[in-house]
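Asker: Produce the entire structure from the sequences given, and follow the hints as far as they go.
As they're listed, the protein sequences go chains G and Z.
For the first sequence, position 187 matches number 187 in this note's numbering, and the numbering has no gaps at all.
For the second sequence, position 116 matches number 116 in this note's numbering, and the numbering has no gaps at all.
Any copy will do: because identical chains look the same in the list, a pair fits if it lies in one copy or spans two.
Pairs of lysine-lysine, DSS-like flavour, derived with a Cα cap of 30 angstroms:
#: 1; residue 1: Lys-301; residue 2: Lys-160
#: 2; residue 1: Lys-321; residue 2: Lys-346
#: 3; residue 1: Lys-332; residue 2: Lys-287
Simulated from the structure, these hints should not be mistaken for lab results.
2 protein chains.
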Amino acid sequence: MRYFDYFCFEMDKQQLHNDWLNKRKKRKADLTVEHLLAGIQKQDITLLSSAITMIESTLDTDRVKSEELIKKCLPFTGKSIRIGITGVPGVGKSTFIESFGQLLVNEGKKVAILAIDPSSSTSGGSILGDKTRMEQLSQLKNVFIRPSAAGETLGGVARKTRESIFLCEAAGFDVILIETVGVGQSETLVHSMVDFFLLLMLSGAGDELQGIKRGIMEMADALVITKADGDNIKKANLARREYQNAMHLFPPKKSKWQPKALTCSSYSNTNMDLIWEAIVAYENHTKVNGYFNVNRKEQDKFWLRETLNENILRGFYGNEKLQELLAQFDQKVIREEETSFTAAEKLYQLYIQNLTNGNI
Amino acid sequence: MRYFDYFCFEMDKQQLHNDWLNKRKKRKADLTVEHLLAGIQKQDITLLSSAITMIESTLDTDRVKSEELIKKCLPFTGKSIRIGITGVPGVGKSTFIESFGQLLVNEGKKVAILAIDPSSSTSGGSILGDKTRMEQLSQLKNVFIRPSAAGETLGGVARKTRESIFLCEAAGFDVILIETVGVGQSETLVHSMVDFFLLLMLSGAGDELQGIKRGIMEMADALVITKADGDNIKKANLARREYQNAMHLFPPKKSKWQPKALTCSSYSNTNMDLIWEAIVAYENHTKVNGYFNVNRKEQDKFWLRETLNENILRGFYGNEKLQELLAQFDQKVIREEETSFTAAEKLYQLYIQNLTNGNI
Chain G
1 MRYFDYFCFE MDKQQLHNDW LNKRKKRKAD LTVEHLLAGI QKQDITLLSS
51 AITMIESTLD TDRVKSEELI KKCLPFTGKS IRIGITGVPG VGKSTFIESF
101 GQLLVNEGKK VAILAIDPSS STSGGSILGD KTRMEQLSQL KNVFIRPSAA
151 GETLGGVARK TRESIFLCEA AGFDVILIET VGVGQSETLV HSMVDFFLLL
201 MLSGAGDELQ GIKRGIMEMA DALVITKADG DNIKKANLAR REYQNAMHLF
251 PPKKSKWQPK ALTCSSYSNT NMDLIWEAIV AYENHTKVNG YFNVNRKEQD
301 KFWLRETLNE NILRGFYGNE KLQELLAQFD QKVIREEETS FTAAEKLYQL
351 YIQNLTNGNI
Chain Z
1 MRYFDYFCFE MDKQQLHNDW LNKRKKRKAD LTVEHLLAGI QKQDITLLSS
51 AITMIESTLD TDRVKSEELI KKCLPFTGKS IRIGITGVPG VGKSTFIESF
101 GQLLVNEGKK VAILAIDPSS STSGGSILGD KTRMEQLSQL KNVFIRPSAA
151 GETLGGVARK TRESIFLCEA AGFDVILIET VGVGQSETLV HSMVDFFLLL
201 MLSGAGDELQ GIKRGIMEMA DALVITKADG DNIKKANLAR REYQNAMHLF
251 PPKKSKWQPK ALTCSSYSNT NMDLIWEAIV AYENHTKVNG YFNVNRKEQD
301 KFWLRETLNE NILRGFYGNE KLQELLAQFD QKVIREEETS FTAAEKLYQL
351 YIQNLTNGNI
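Answerer: This is how it looks when you write it as structure tokens:
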């Protein structure tokens, strides 16, 4: 844009700039749901990106269009394998995906890489924010990389990522990798939208420093010790055996899958094939015993509630009259005429009264 | 209980057991709101614990009693300084609190220590779960240590911690420390309920491994390098200077407070007094310029919304008729007659219709 501005200045500035503005306006208007759907089905990466940007938008008009687009994409979804990847910062998630993604592409897969980053709302920074961290992978055909959405709530960020999965599936991607930071609730949310959950660990750093709680280890379908190269190989193998033993003591999984412990090196591209084999074995295992489908249905039920919650809350916050009431109660709280508790209670009663009386 | 059962068996089993059951029933019934309030105001730690357990309970009867208790406590709250403490696992939060807490007690303060642990809902484990990690501190008079509540959502866990703050203040505690894990959204929530935000960091571990995003550093009122003892002192001082310089580049805070970078050692109890001095200086600074009170009011507005959201959602999930409808739509999703999106939309419409018609 900077060079373009300068260029305009040198040329007939006003005329060129107007042309550009009109073109941009036209381009935005072009993005109808039909246009986007057609683009997605043709695997047009630019239009897929625009569609995801629309999903992430908080504008009301975008929201309505997004819902329509997702509905139209749904019949074309569900055919990929969705893989969650987690581990603390520093474990090497980006380099792992760089290496693992290339193996998948060599296997003829179309790979989409999404992220859920709970810190993106505070910091603006995000996992996958820097495509240069996956320099080679991002240049391959059949690869789509998208950084985490930002948002006010982790649930909202996660929901948008889940909707992006559907768009990517409709665009024909057959492996979806979803990256998240390895601490806290974002794992639970990733777990609620993937078929296979992969936990990356460092050897020797100790569980505590890695912030990996037992609950997260219990969710893992495979645990992979990264950086198993050079002097580190022996230590990594030792850690692998320890984790393999530990995982035998965990309660059996509903999937009846015995989680695997593996090592890998993104640096020397070692064992990436074994990890992919484990995932394929898992897919076969759970499709035979029916768990694969049962799990997706359970996830649908979970997201039914998440979407419902959002609808219910929007019923309040999307209403102008109620927004005015809220502003009034804010003032009462500031003047100490109400506490946040009593104000919330009274506002809720007013909401229900207004609904019942048909005032809103 | 096991030994007790055995004991009953040896003695006149039935009679003793009935006596015990009656005693327990009586004890539970004893816990009226008035009884709990009186106990809290007398600084009865056992009753304060029972009251917090009631707040954390999901039973409807407990919720009603909790709201009443909190309302009755509110006039006695607000007089403490509330300090948020964060840092990645391994930075030494527990040992820091062990050392810092003892300094506060020596200064004549009554110290309550609470926690928000986003992983407690998945793992069952939690920060402060093990009181032996603060062995000396937990044995002091005037100290109250309470592990993180567990809950389905981080927001819910945080709300219960905030309510516990009020109970602790009503019980006369004048310093409240709230511990959280140093990654993700739990910081934002802790930040929304404290006056002063303390970030613990390791020297030399690198920002990335510590999972500390810039957004979290920008929230800090003081940044403290831990483990500054023995061979580590030089490295810690170097890191301190670097962070001090970095923080000068951050946008100025609404509080007009210039954040401090400090070092400390929990092992040799070094510099704990400087940290407390910084907090006292902050309190004076922000009470003079008015920010202290403005910030608490802003927090009240935030929690007005959080509490309102909970009320609104309870309006749906607390209703039997709607629960039945939800179960029906679950079945439709499982039979693939509805997607999670269309089901959520239809359920919401039915909710509003039922409200408007006065059916629920």
